[in-house]
Amino acid sequence: MGKTLYDKIWDNHLIRTEPDGTSLIYIDRQLIHEVTSPQAFEGLRLAGRKPWRSKANLAVADHNVPTKNRDLGITDPVSRLQVATLEKNCAEFDIPVFSMDDARQGIVHVVGPEIGFTQPGTTMVCGDSHTSTHGALGALAFGVGTSEVEHVLATQCLWMKKAKNMLVSVEGQVGEGVTAKDIVLAIIGKIGTAGGTGYTIEFAGSAIRALSVEGRMTVCNMAIEAGARSGLVAVDDTTLQYLHGRPLTPKGELWEQAIENWRQLHSDTDAQFDRVVELDASQIKPQVTWGTSPEMVVPVDGTVPDPAQEKDPVKRKSLERALEYMALRPGMPIQSIQLDKVFIGSCTNSRIEDLRAAAAVIKGRKIASTIKLAMVVPGSGQVKQQAEAEGLDRIFVEAGFEWRDPGCSMCLAMNADRLEPGERCASTSNRNFEGRQGFGGRTHLVSPAMAVAAAISGHFVDVRNF
Amino acid sequence: MQPFERITSQVIPLDRANVDTDAIIPKQFLKSIRRTGFGPFLFDEWRYFDRGEPDMDCSNRQVNPDFVLNKPEFKDGQILLTRENFGCGSSREHAPWALSDYGIRVIIAPSFADIFYNNCFKNGLLPVVLSAEEIDTLFEEVGPGYQLTVDLKNQTITKPDGTQYHFEIDSSRKERLIEGLDDIALTLKFADEIRRFEDRYRQRMPWLFSEPASL
Ligand code: SF4
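Going down the list, the protein sequences come from chains A and B. Taking our numbering, the leading residue of the first sequence gets 1, the next gets one more, and so forth. Taking our numbering, the leading residue of the second sequence gets 1, the next gets one more, and so forth.
Just chain B, same shape as in the assembly (with noise of 0.2 Å):
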């Protein structure tokens, strides 16, 4: 996983509340085995006016000019500001790996559905969360060259003004992030730990491993 630092880039404005992991990237490209190859499909049912399929070659496609990712002056922007719930709906992780592949690293929003939430950090995406009032400004700032400084470490946001915004982040979190560790790697360190207290819960707990024969 790309190591997560500070980034300095373009803000993409995406002015929509409770936007869901169907529109972030559709179900029918979730029929892949891989991880990647998904940031062409991303938003793919707001991008395009034609319907999206796996494999598909994009640059033949009708391409809706009004959305945002389609304007030039947007679309290479690494920072998505985005409005209340974000990434609410199913567990698919694709949505992150679409954001991802498409060059997103920063999101910025009000609030963040809990799954999705949990998968940005598995992929080097950092999901930020501001005052309402702070999303507020940025929407009424924001536009064709306006660029935000995110720092992780101090867990700030400046602006091209200068001023600051401060956000939280656990602190494992953002360790995990700054350093790009492998999460099962990490935990297998604790394997002792683990094995210590199956053996305890087993004794409380036998038939939860009662193999079934039938199975």
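Chain A on its own, in the form it takes in the complex (with noise of 0.2 Å):
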């Protein structure tokens, strides 16, 4: 029987499995950040152990930035000591660091894939659940909890189960104006935030083949808004084009001995899936999140849905409590709904493509009066400078946005970018959640072309009558 893309990566990374299935799988790379790395560094300097293989590793920090003034520093004492912590742990574990001031540095998941460091083919970690990213380019990724980026750092190994396999294909062509982020977000609503739990997904069909790369990157981010701890698509010339030329990518000889690995990194066309799920790329709409779950979204010209027409009583009361937390009522068009701020950003939706996307539909046009706040977030330095150099910060200044330095920012409102209760977003980012944006913000989660055609109406509207 042919195999998945994921049982081959998986076979290829097995040194022994114990009699209930638990395997020890060796890990190829992991990248690290301030906010779930001090403990695991702690850990190491207790036991008195050292990394298996330090350079395997690669961090930066990204969570706990500022995305202005950063030539000041970090005020918040808490977040610096964090910042600064990691640089200390890198400096004594000799793990390669990008400072806040290094160009280079970024949010993880957006400067492994630019530098090279994710690779096909490759197992790789992060003590974050959106390391699923890095399935775009072929490689076994997924978030782990502290203790376990203790234990890849000493061991360069994990203790897992393999996942069951999902297939999720979207075949045909989405409409202008629709993008990866419409097609994760209608897959999440149809499968729901738990319909992965347990399985590796795979994205595959004509719809995913189209995309580049970054678009990939933002299906893949968001598998674990589906429960699955990783996402991946198989390798084609697209991905071997992405990463042809980047700074870690191997070179010469290398690389010819690579990419003839790294094509046959796709499932066998007799490969068996646990689970298939089909989507129809065509009738896929720009998608907008009502709720404080990704799978609460619906189509932009859809309405808020109604709690009582849902039968099951513990959904039902999910439903009311939402709508409750985002003050909406049933029954409302999505497009009535009014915003507060606009934030362009996130591991999900701030890299190159997503900016183009957005000033394209920015150019010569303002943002609503009423909108308090918006801002763009590239998701690295180089993002950033490839932008200016394409002369895409004009574009945003000049409409009304903020043009700011690259972390994680608003997506999660650990540095000083958050919502004040009560606060309406339309948001590039992964997650709803209650409070994710700031104590009592509400999130509505877009594409980056919809969410700047909100901030020049002021509510929703459909991108592609724009």
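One should not assume that every hint holds.
As the list claims (entries may be wrong) - A short, non-exhaustive set of chain B residues, derived as facing chain A with CB atoms under 7 Å:
#1 Asp22
#2 Arg35
#3 Ile115
To be verified - Covered by chain A, according to a simulated footprint, are these stretches of chain B (three or more residues, beta-carbon under 8 Å):
#4 85–91
#5 150–160
Stated by the list, open to error - Far from chain B by the CB rule (all over 12 Å, computed), these chain A residues:
#6 Ile15
#7 Thr146
#8 Thr238
#9 Asp268
#10 Ser336
These are computed hints drawn from the structure, not numbers from a lab. Each residue gets a CB set at the ideal place from its N, CA and C atoms; glycine is no exception.
Since each chain sits alone in its own frame, please combine them into the complex, following the hints.
Pasting the structure below:
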């Protein structure tokens, strides 16, 4: 029987399996950031251990860093200590780190692929659930907790149980104005936030193959929002073109050797999946979440659902609670929802392609006077430089957006960028949980093009007729 | 890590589905560089009316009297009963740290998010999966004074009326939890095997080991 892409990568990294199926898996790469690592390094120190292979790791501070006036340093002393602790730990354990003033600094999941640290066929972890992003390059990448960060540092391995295989196939062509973000939100709307629990999802079909690597990253990024620890896309020419010439990708002889191996990284035609989900790309419209879970999502021409229609009492309760938190009424058209803030950024949608798509919509227009703050936070220093070279920063600033320095920013509001209680935001990030973007804040997840269209109008609009 | 065997305790009912890790411990507390001290901030946004900040003194805060942890009859429980997909969202191990720092030892739910489920075992917390019907029954029966006995060795939960539910758990996870073992020390017993694997692997995938001079 044929193997799935997941089976292939798993088998390649399998060291041993215990009788109950728990397996010791070799980990090729680890990304580290300041929030989930201090206790792991402390654990190493207390036990007198050294990293197994220091250079298999790469660290960068992203969650806590300020996105403006960076030359003044971090004013919050608690955040400052956490970022300083990362640098100190990396120096002590000889781990490469991009400091806050390094031009390559940015969100871990944007930095990894862009410098070529992420490579096909590898196993890759980070103390961060959105590590699934890297699956866009055919890497088996997943988030781990801090104890496992320490475990990988000390042993270059992890104990795990093999997940089941799920295939999500999106066939056909999406319409104009429909993006990778809309595809993945539609998938989550269909299978639910726990639909992928216990599975590794391979995203396939002509609509996925037609996406750039950046678009595939947006899709894999949100695999975790569908419950799956990892999302994968098979390697193809698009992947190889993306990888070619990046600072850390192999060169010369090694490149030839690597691509020969990488070309095998796809599911065999007779591979069996435990679950298959199919979507018709032509039916996907721009999506907007209305509630406090990414599965609470509807097309932009839809309305806020009515909990009274839900038969399951547990689900009904959570719909009611979400409506109350979001201060919305059943039956309201999505396009009547007025916004206070707009955030373009996060590891879901802060790459150059996202900024280009947003700039194309906003060019020559201005944000609505009712919008209190609209900001663009590039995913990395390189994205920022590239965007500035293309003049995108001018387009945003002229329209009334703030142009910031790279980091996680208002995706989770650990730094100064956050919503105030009751404020409503169109956000290109990945989570709309209660309080995610600030205590009492209300988040609607959308694509970059939809977010800027909403910024111009002051409320949601269908970017397809914009 | 505290070894786990058997616990009899009051059950705390948290009747919500999809409880995410942002709800379990909000992000402002993630700035800590320690593993302890998160208990007072467990479920912070539901437990208090004001916004919590790291290291603040919680004794003067505005408490939400309707939230279950603020009810005297439930607050000392060590067993949390909840709904599906508990622990979804971020990978933060601060969530199990906060639960165990508060005193929770067992979480019973119809399903858990994968990363959270994994993280529990590293911290002496036992996540128990029961069927949706069993969970419904427990929610109907639970109240002040309602105690369950969770026996990890026999994989059973005993109700006050003596009836038992069985639960499944991997044998290696069970063993580690019962003995409170250090995972890394256990893995390093296989160090030679890992090294042999690594040598073979390096020959097949040399490009993954060519260390860049530029970094
Ligand atoms: S951008 Fe948001 S989701 Fe991505 S790593 Fe940062 S905080 Fe996490």
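Verification of the supplied hints:
For Asp22/B, the shortest C-beta to C-beta distance to chain A is roughly 5 Å, which falls under 7 Å, so the interface hint holds. Restraint check, Arg35/B versus chain A: the minimum CB separation of about 5 Å is within 7 Å; hint holds. For Ile115/B, the shortest C-beta to C-beta distance to chain A is roughly 5 Å, which falls under 7 Å, so the interface hint holds. For a cut-off of 8 Å, the count of residues in the region 85–91 of chain B with a CB near a CB of chain A stands at 5, and the three-residue condition holds.
Beta-carbon proximity to chain A at under 8 Å applies to 0 residues in the region 150–160 of chain B; the threshold of 3 is not reached and the given coverage is violated. The claim that Ile15/A lies off the interface is violated: its Cβ sits roughly 5 Å from the closest Cβ of chain B, which falls inside the 12 Å cut-off. Look at Thr146/A: its CB is around 4 Å from the nearest CB on chain B, not clear of 12 Å, so calling it non-interface is violated. With a closest Cβ-Cβ approach of about 20 Å to chain B, Thr238/A is found to remain outside the 12 Å limit, as its non-interface label requires.
For Asp268/A, the non-interface assignment is confirmed: its Cβ lies about 20 Å from the closest Cβ of chain B, beyond the 12 Å cut-off. Look at Ser336/A: its CB is around 27 Å from the nearest CB on chain B, clear of 12 Å, so calling it non-interface holds up.
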